[in-house]
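Visitor: Can you make the complete structure from the sequences, with help from the hints?
Residue numbers (this note's numbering), protein chains in the order written: chain R, 1 to 72; chain Z, 1 to 365.
Hints are computed from structural coordinates only; laboratory data are not their basis. The hints are all genuine.
Straight-line distance between alpha carbons at most 27 Å, and here's what the computed DSS-like set of lysine-lysine pairs gives:
(1) Z/Lys256 <-> R/Lys56
(2) Z/Lys262 <-> R/Lys37
(3) Z/Lys243 <-> Z/Lys185
(4) R/Lys66 <-> Z/Lys56
(5) Z/Lys256 <-> R/Lys66
(6) Z/Lys11 <-> R/Lys56
(7) R/Lys66 <-> Z/Lys11
(8) Z/Lys262 <-> R/Lys8
(9) Z/Lys256 <-> R/Lys8
(10) Z/Lys256 <-> R/Lys37
(11) Z/Lys56 <-> Z/Lys179
(12) Z/Lys26 <-> Z/Lys244
(13) Z/Lys30 <-> Z/Lys179
(14) R/Lys56 <-> R/Lys8
(15) R/Lys13 <-> Z/Lys262
(16) Z/Lys256 <-> R/Lys13
(17) Z/Lys56 <-> Z/Lys11
(18) Z/Lys26 <-> Z/Lys56
(19) R/Lys56 <-> Z/Lys205
(20) R/Lys66 <-> Z/Lys19
(21) R/Lys66 <-> Z/Lys243
(22) R/Lys56 <-> Z/Lys262
(23) Z/Lys26 <-> Z/Lys243
(24) Z/Lys2 <-> R/Lys56
(25) Z/Lys134 <-> Z/Lys307
(26) R/Lys37 <-> Z/Lys2
(27) R/Lys66 <-> Z/Lys26
(28) R/Lys66 <-> Z/Lys2
(29) Z/Lys19 <-> R/Lys56
(30) R/Lys8 <-> Z/Lys2
(31) Z/Lys161 <-> R/Lys13
(32) Z/Lys290 <-> Z/Lys262
(33) Z/Lys85 <-> Z/Lys134
(34) Z/Lys2 <-> R/Lys13
Given the structure is predicted, the values throughout are model-derived calculations rather than measurements.
Chain residues, written in single-letter form:
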Amino acid sequence: MCLAIPMKIIEIKGSTGIAEVGGVAREINIQLIEELKIGDYVIVHAGFAIQKLDEKEARETLSLLKEISSIK
Amino acid sequence: MKYLNEYSNLKIARGLAQKIAETVRKYPGKITLMEVCGTHTVAIFRSGIRQILPEKICLLSGPGCPVCVTPNDYLDKAIACTRRKDLIVATFGDMLRVPGSSSSLEKERSRGGRIEVVYSAMDALEIARSNPDKKVIFLGVGFETTAPTLAATILTARERKINNFFVFSGHKLIPPAMKALVESKELHIDGFICPGHVSTIIGVKPYEFIARDHNLPCVIAGFEPLDILQAIYMLVQQIVNRKKAEVEIQYTRVVKPEGNPKALDLIREVFEVTESMWRGMGNIPESGLKIREKYSGFDAEPSIRIKAECSRENKKCICGEILRGVKIPTDCPLFRTACTPQNPIGPCMVSSEGTCAAHYKYAGS
Chain R
1 MCLAIPMKII EIKGSTGIAE VGGVAREINI QLIEELKIGD YVIVHAGFAI
51 QKLDEKEARE TLSLLKEISS IK
Chain Z
1 MKYLNEYSNL KIARGLAQKI AETVRKYPGK ITLMEVCGTH TVAIFRSGIR
51 QILPEKICLL SGPGCPVCVT PNDYLDKAIA CTRRKDLIVA TFGDMLRVPG
101 SSSSLEKERS RGGRIEVVYS AMDALEIARS NPDKKVIFLG VGFETTAPTL
151 AATILTARER KINNFFVFSG HKLIPPAMKA LVESKELHID GFICPGHVST
201 IIGVKPYEFI ARDHNLPCVI AGFEPLDILQ AIYMLVQQIV NRKKAEVEIQ
251 YTRVVKPEGN PKALDLIREV FEVTESMWRG MGNIPESGLK IREKYSGFDA
301 EPSIRIKAEC SRENKKCICG EILRGVKIPT DCPLFRTACT PQNPIGPCMV
351 SSEGTCAAHY KYAGS
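Guide: Structure representation (structure tokens):
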């Protein structure tokens with residue numbers, strides 16, 4: 001029930017935004033997020049963006065995983 | 001899909017499993033890790049993580065499925081609401097098939113009860129706006145992840161003067177349930193895989209007592225296979241190296257140490273912490289959220305007198321013990337016989353995130 005997925009913000013209109021994932025766009029509420037801009041990725045749960053996704057951290061986690069598992 | 005698929009790479013998963021195996025090779029005895037969150041339970045089963053881990057690592061499912069821990073008393077009241085012509089019940093879909101003492105929302109809907117399944121609490125508010133002659137009761141079931149969305153919806157209802165919208169709050173908090181589990185001493189756990197999206201809101205601090213007072217490592221994990229494997233790797237490193245237990249974040253792309261302060265402010269504005277009844281775990285102090293007096297006009301309980309039947313539990317169902325991690329689904333005489341996803345007896349078989357449903361679907365016979 002705490003399922004939430006990363007979606008990309010493609011439009012912002014006040015406290016709502018349009019977010020897209022896998023070619024599907026839907027309106028989401030963005031009032032829980034500070035300083036959001038178009039192109040940001042957010043984690044969406046029950047129609048609300050609950051946190052911004054940090055793309056730099058995402059890349060770093062992936063390279064760390066590759067390093068741990070010894071994959072070049 | 002970006003930021004999902006890349007964390008499912010099989011080659012990296014095998015490499016991580018290998019590292020985990022190397023780390024625990026010389027460790028004497030078993031290592032039991034509890035994944036608290038139901039979304040983790042499903043992710044673990046679906047990805048087959050259990051099959052690639054060394055035998056000495058045992059993963060145990062915890063009480064983190066909101067539908068499963070909601071007691072019959074709440075369900076019976078929700079069901080009673082559907083029998084009143086002046087009310088519309090709005091709910092997340094997971095609640096529909098959960099059996100109460102003698103019925104379910106789904107059965108009531110087939111008998112003509114007005115029940116609307118919504119994706120967001122805001123959708124329930126819209127139903128209230130477009131049905132001014134009815135009172136709309138939203139079933140507020142969930143954890144810290146969902147609570148700010150409810151708080152924001154109640155504040156919006158007030159702002160837009162939508163006075164026929166009410167929340168029946170059954171919201172629960174995860175860290176007090178973890179406290180109850182570790183203090184009960186009926187269970188041996190070596191570490192916790194902490195819920196990623198709950199932690200998105202609450203951050204690191206609410207788990208610190210578990211590491212500090214109980215010396216149990218906690219790792220906040222994401223939900224893709226590599227996230228979970230990395231979290232297990234981080235946990236076994238803490239356990240094997242026997243250093244002082246700490247709370248670590250594996251899911252750094254989404255979870256900040258401070259959580260989401262804006263969401264926490266909204267929760268605090270609308271809700272106050274109260275005791276709450278959990279299925280199988282009883283009444284846990286400071287584990288629930290109640291709507292503050294200031295917003296009592298949106299609180300279903302004082303606003304609408306809900307009369308429900310006297311609740312009773314199915315005595316043969318062991319969901320309670322499964323939620324506490326002291327039994328597993330195959331210990332239950334009803335599992336796969338009387339209780340199946342088509343004909344569920346307990347909530348752990350109904351909810352897609354329930355431990356019994358996950359065992360039934362993914363663990364074979």
